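S.K.: So you can see what is in the structure, the chains are spelled out below.
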Amino acid sequence: MIVGESRTKHSLWVLFFLLPASAGLILFTVLPIVSSFILSLFSWDLLGIPEFVLLENFKRLSGDQKFWKSLVHTLSFVGGYIPAVLVTGLLTALLMNSKIKGRGAFRTAFFIPVVTSWIAVALLWTWLFNPKFGLINYILALVGINGPAWLYDPKWAMTAVIITSVWKDTGYVMMLFLAGLQDIPASLLEAASIDGASGIKRFTAVTLPLLSPTTFFILVISLINSFQVFDQVWVMTGGGPSGATSVLVEQIYKNAFRYNNMGYASAISLILFLIILIITVLQSRVQKLWVHYV
Amino acid sequence: MFKKISLYILMTLAALSMIIPLLWMVSTSLKNNQLVFQMPPRMIPEDPTLDSYHKLFDLFPMMRMLMNSILVSIVITGGQIATSLMAAYAFARMSFKGKDAVFLVFLATMMVPFQVTIIPLFVLMRSFGWLNSYPGLTVPLLHTAFGVFLLRQALMTIPHELEESAFMDGANHWQVFSRIIAPLTKASVATLLVLSFMASWNSFLWPLIVTRSDDMMTLPVGLSVLRGRYETKWNMVMAGGVISIIPIVVVFLFSQKHFIQGISRSGIKN
Amino acid sequence: MKKFTVVWILFLCITALLSAKGQQGKEVSSESQKTEITYFTFSAAPDHLDHLQEMISAFTQMNKDTEINVETAGWDDYFNKLQVNIAGGIAPDVFELNYENFVTYASKGTLYDMSSLAASDSSFSEDVFYPRSYNAFQYKGVQYGLPETFSTVVLYYNKDLFDAAGLDYPEESWTWDDAIAAAKKIRDPENDVWGLYTGIQFWEFYKKIAQNGGSVYDQNGNVVIDSRENVEALQTMLDIQNKHGIMPTDAELAGVSDGDLFVSGKLGMLVSGIWMFSAFGEAEFDWDIEVEPGMSTKATHFFANALAMSSKTESPEASWEWVKFFTSSDESAQMRIRTGWELPTIQNQDAVAAYLTAGSPANRQAVFNSLKYSIVPPVIEKQNELQDGIGQYLSEAKYGSMTAEEALKMCRELLEDLK
Numbered sequence: 001m002i003v004g005e006s007r008t009k010h011s012l013w014v015l016f017f018l019l020p021a022s023a024g025l026i027l028f029t030v031l032p033i034v035s036s037f038i039l040s041l042f043s044w045d046l047l048g049i050p051e052f053v054l055l056e057n058f059k060r061l062s063g064d065q066k067f068w069k070s071l072v073h074t075l076s077f078v079g080g081y082i083p084a085v086l087v088t089g090l091l092t093a094l095l096m097n098s099k100i101k102g103r104g105a106f107r108t109a110f111f112i113p114v115v116t117s118w119i120a121v122a123l124l125w126t127w128l129f130n131p132k133f134g135l136i137n138y139i140l141a142l143v144g145i146n147g148p149a150w151l152y153d154p155k156w157a158m159t160a161v162i163i164t165s166v167w168k169d170t171g172y173v174m175m176l177f178l179a180g181l182q183d184i185p186a187s188l189l190e191a192a193s194i195d196g197a198s199g200i201k202r203f204t205a206v207t208l209p210l211l212s213p214t215t216f217f218i219l220v221i222s223l224i225n226s227f228q229v230f231d232q233v234w235v236m237t238g239g240g241p242s243g244a245t246s247v248l249v250e251q252i253y254k255n256a257f258r259y260n261n262m263g264y265a266s267a268i269s270l271i272l273f274l275i276i277l278i279i280t281v282l283q284s285r286v287q288k289l290w291v292h293y294v
Numbered sequence: 295m296f297k298k299i300s301l302y303i304l305m306t307l308a309a310l311s312m313i314i315p316l317l318w319m320v321s322t323s324l325k326n327n328q329l330v331f332q333m334p335p336r337m338i339p340e341d342p343t344l345d346s347y348h349k350l351f352d353l354f355p356m357m358r359m360l361m362n363s364i365l366v367s368i369v370i371t372g373g374q375i376a377t378s379l380m381a382a383y384a385f386a387r388m389s390f391k392g393k394d395a396v397f398l399v400f401l402a403t404m405m406v407p408f409q410v411t412i413i414p415l416f417v418l419m420r421s422f423g424w425l426n427s428y429p430g431l432t433v434p435l436l437h438t439a440f441g442v443f444l445l446r447q448a449l450m451t452i453p454h455e456l457e458e459s460a461f462m463d464g465a466n467h468w469q470v471f472s473r474i475i476a477p478l479t480k481a482s483v484a485t486l487l488v489l490s491f492m493a494s495w496n497s498f499l500w501p502l503i504v505t506r507s508d509d510m511m512t513l514p515v516g517l518s519v520l521r522g523r524y525e526t527k528w529n530m531v532m533a534g535g536v537i538s539i540i541p542i543v544v545v546f547l548f549s550q551k552h553f554i555q556g557i558s559r560s561g562i563k564n
Numbered sequence: 565m566k567k568f569t570v571v572w573i574l575f576l577c578i579t580a581l582l583s584a585k586g587q588q589g590k591e592v593s594s595e596s597q598k599t600e601i602t603y604f605t606f607s608a609a610p611d612h613l614d615h616l617q618e619m620i621s622a623f624t625q626m627n628k629d630t631e632i633n634v635e636t637a638g639w640d641d642y643f644n645k646l647q648v649n650i651a652g653g654i655a656p657d658v659f660e661l662n663y664e665n666f667v668t669y670a671s672k673g674t675l676y677d678m679s680s681l682a683a684s685d686s687s688f689s690e691d692v693f694y695p696r697s698y699n700a701f702q703y704k705g706v707q708y709g710l711p712e713t714f715s716t717v718v719l720y721y722n723k724d725l726f727d728a729a730g731l732d733y734p735e736e737s738w739t740w741d742d743a744i745a746a747a748k749k750i751r752d753p754e755n756d757v758w759g760l761y762t763g764i765q766f767w768e769f770y771k772k773i774a775q776n777g778g779s780v781y782d783q784n785g786n787v788v789i790d791s792r793e794n795v796e797a798l799q800t801m802l803d804i805q806n807k808h809g810i811m812p813t814d815a816e817l818a819g820v821s822d823g824d825l826f827v828s829g830k831l832g833m834l835v836s837g838i839w840m841f842s843a844f845g846e847a848e849f850d851w852d853i854e855v856e857p858g859m860s861t862k863a864t865h866f867f868a869n870a871l872a873m874s875s876k877t878e879s880p881e882a883s884w885e886w887v888k889f890f891t892s893s894d895e896s897a898q899m900r901i902r903t904g905w906e907l908p909t910i911q912n913q914d915a916v917a918a919y920l921t922a923g924s925p926a927n928r929q930a931v932f933n934s935l936k937y938s939i940v941p942p943v944i945e946k947q948n949e950l951q952d953g954i955g956q957y958l959s960e961a962k963y964g965s966m967t968a969e970e971a972l973k974m975c976r977e978l979l980e981d982l983k
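Chains as they are written, first to last, in our numbering: chain D, 1 to 294; chain R, 295 to 564; chain X, 565 to 983.
Do not take every clue at face value.
Distance condition first, Cα-Cα at most 30 Å in a straight line; then the derived DSSO-like pairs of lysine-lysine [unchecked claim]:
1. K69/D <-> K704/X
2. K201/D <-> K391/R
3. K704/X <-> K254/D
4. K973/X <-> K66/D
5. K69/D <-> K748/X
6. K254/D <-> K748/X
7. K66/D <-> K748/X
8. K101/D <-> K391/R
9. K672/X <-> K9/D
10. K393/R <-> K201/D
11. K704/X <-> K132/D
12. K551/R <-> K101/D
13. K9/D <-> K297/R
14. K748/X <-> K9/D
15. K391/R <-> K254/D
A few chain X residues that don't get close to chain R, going by computed Cβ distances all over 10 Å [said to hold, decoys possible]:
16. T624
17. R751
18. F766
19. E895
20. Q956
Everything labelled a hint here was simulated from the structure, so no lab data went into it. As the structure is a computational prediction, the values presented were derived from the model and not from experiment. Glycine is no exception: its CB is placed at the ideal position from the N, C-alpha and C atoms.
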């Protein structure tokens, strides 16, 4: 608060800065979300009139094998994807932030998969993972490994989806890390190097802590997004083979639009929402231990 | 020296693997339909042809769809940057009651899949009379919790001394925001610019639902018609894909320029 | 802030209720006094958009007071959009439905009663249509759609591969035993040539159990999907892939579609729809079609589409005229046959005659011969759940994680649930 500023005036300023984003958020995002949560208490086929069923949808949920399986698959996606994409994203960002020749070109190259549509990416990787002609199994064979059938093997399909997702999103995470690196005042890094800190020490003692707000941001965002993984699964496997990559949002989508169970889809998304919310709240509690703001 | 060279080789290989899908899209768009799915795949088409591009422009009001996409994406991106930057300022540089709770509400809106909120939103648009219109395509998307979060993080890293002296000199919040804080976040704003533009440029489900006539359709929606029940025109799909990547790459390169500027400026300021 | 939110939630609920009741905006433009109707379609995309425009201009020439606004969507997105539009209370006046989804829409009261329209229209006679396809679009005795097109599923075969193996070409009387025997001779692992492809999925399954005298439901509507005949039929399907090794697994196909495998000359026989004619036109070998083989009896499948009208339409007369024109007029039939845009389901022999000689394959008569044995899939209100669920268990059996018997037992449980 500015010294001498009245309470009301300060509140008005806060409102002034918050209003543009909040107005749209409340009207066009919060309201529809609340409506969909209310719908989770209804049975609605989209074509007729909603019917109030109280907790019927949630009861059904507890006994729905497809739901539980898709929850497990979603968790395994998150568990495999998040650490991998954070590491690859940070490494590339550090490389791109160092003084190397042609880094603009490299940056653009790494950003290309981000802008390429999932349809094209999926087709290409389906070929790379092709058990017969694919490059991946060819390379594995060179080192004496008999590669799996990947997308056609229920045990390996999710791994293939994770690898593809990490490959596609590395550029995205790189960009976010880069923005964070750029925002670190150069003076701080210079001060550290004048003090004679070596490369690795400077990284762990100065860069990493200064980057922690960015890392926190990326972690939260990636978790929120990866719990809602859908596009890549939909185009690469359609949830198969024999349901091995079926994820929560796929169940939501199918129930909402294919099976005309809008209420049930809303119930699943409420559960998904709660899971993500709890994890996010936990994260922001824990962040105080490792995130350093200036 | 050896380390440096091997690093370059590694990075070049990685970068190449990143561009392959794009090259492959281009190559597919130059094939005729029968050759699209050869096995093993062919990177270089036997008889390259621009047929699919010609057909796209014959079959679809491509210019109109491109204009719609550009217009919609620019409005959304501009709106998102403005609203996010302001909200981020409030969250990062001001203190007020219930800040954490309000911020959590912002975050929470990202946690519900769009698939289940689309019908309430559709009903809302209908009651506004905004179906099949530019307001319907843009107004619901002028805010982004993601952007608020991104910029809040960036604003939080700025040292407090900067604005304190300005407040001493009698500046108000708007002056501090627009003259001191906002210019310092160029790199993050540039990032948001690219990501917002990309998201709205590629967005599919909402424009599909909210538009009805050809003259309102955005590029991805118009081109989705190429995926038929029994057959998909892959070469045309890819031609459309190539066309629709160009604007994003342009925006990316444009933002990169500012990226570098952002660095040098913050260097001088410090 | 709280009050504001409460007010908005109330407002939203009210609008939702209002829209569930549905109210279509008036679409009569005051200037020209023309009636505007909206026609929503998936079947024109992606190949026949211009043909659709031609048909519309032919129609508006004769019906100068009507204007048709076309809305198109790809197959994958069509039903999402249709449902949201109906849920939001602005259904298109006329739209396409495939046979399988028809009951879902008819049972919810979203479709316009065409029986009364047909009865009061002296220019209309249901006799123009094949009775079987006309009757397919009735629900509880009321006509809710006019059949638009059909596409039969037939047996494609590669003549060159048959010649090379010294085999006689398939005949209408073939059983799967004949086909499997031939496929074994054609199979050539060294050159990656496969004998036969007939997918292990819902559409093939419901047909093959019928060929073996089985069914999903019995006449009284009881679930009999795990009957002995059905297990036997499914086992035959699985054996083609797993025991005889004449059909590639998904992993062996590795992303190549069955149609692409056939057109590359590496497949002896393929069960697929007649929409592949034009794609196979480019094949560098001789091929033809025949009625699909059977087991103890014959059964074939056809995909059918119909035109339906929204129960909320404000312009039923104009919509009806368009539906009639599009499904049964000679103009539209001729256009369809000329452009290869599926087949009209009308009985007019002249139109059919043109089709028979319209190019490869030579044995186009098999398309119509197949109709003699045609059956329709089981259709329930929760159709997509039935299809996806059965498909899921079939793929479990295909991947070997369940036996045929176990898979069908699971299907039985699913279908009991869906009742």
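S.K.: Now tell me if each hint is right for this structure.
M.R.: Verification of the hints:
At most 30 Å may separate the alpha-carbon atoms for a hinted pair to count; K69/D and K704/X exceed this at roughly 38 Å. About 40 Å separates the Cα atoms of K201/D and K391/R, which puts this hinted pair outside 30 Å; it is violated. At roughly 28 Å between alpha-carbon atoms, K704/X and K254/D fall within 30 Å of each other, so this suggested pair holds. Straight-line distance between C-alpha atoms of K973/X and K66/D comes to about 17 Å, which keeps the hinted pair within the 30 Å bound.
Restraint check for K69/D and K748/X: the C-alpha separation of about 39 Å exceeds 30 Å, so the hint is violated. For the hint pairing K254/D with K748/X, the CA-to-CA distance comes to about 40 Å; that exceeds 30 Å, so the pair is violated. With a C-alpha separation of about 39 Å, the suggested pair K66/D and K748/X falls outside the 30 Å cut-off, and the hint is violated. Of the supplied pair hints, the one linking K101/D and K391/R is violated, its CA atoms being roughly 49 Å apart against a limit of 30 Å.
Between K672/X and K9/D the alpha-carbon distance is near 56 Å, which puts this suggested pair outside the 30 Å criterion. With a CA separation close to 36 Å, the supplied pair K393/R and K201/D exceeds the 30 Å bound. Taken as a hint, the K704/X and K132/D pair is broken in the structure, with Cα atoms around 52 Å apart against an allowance of 30 Å. Taking the CA atoms of K551/R and K101/D, the gap is about 16 Å. The hint holds against a cut of 30 Å.
With a C-alpha separation of about 59 Å, the suggested pairing of K9/D with K297/R is violated against the 30 Å cut-off. Of the pairs offered as hints, the one joining K748/X and K9/D is violated, with about 87 Å between alpha carbons and a cut-off of 30 Å exceeded. Note on K391/R and K254/D: the hinted pairing is violated, with a Cα-Cα distance of about 41 Å set against a maximum of 30 Å. Residue-level check passed: T624/X sits 17 Å from the nearest beta carbon of chain R, beyond 10 Å.
Residue-level check passed: R751/X sits 18 Å from the nearest beta carbon of chain R, beyond 10 Å. Every Cβ of chain R is farther than 10 Å from the Cβ of F766/X; the closest lies at roughly 15 Å, confirming the non-interface assignment. Every C-beta of chain R lies more than 10 Å from that of E895/X, the closest at about 23 Å, which supports listing it as non-interface. With a cut of 10 Å on Cβ distances, Q956/X stays outside the contact zone with chain R, its closest approach being about 21 Å.
Violated hints for the displayed structure, listed by number in ascending order: 1, 2, 5, 6, 7, 8, 9, 10, 11, 13, 14 and 15.
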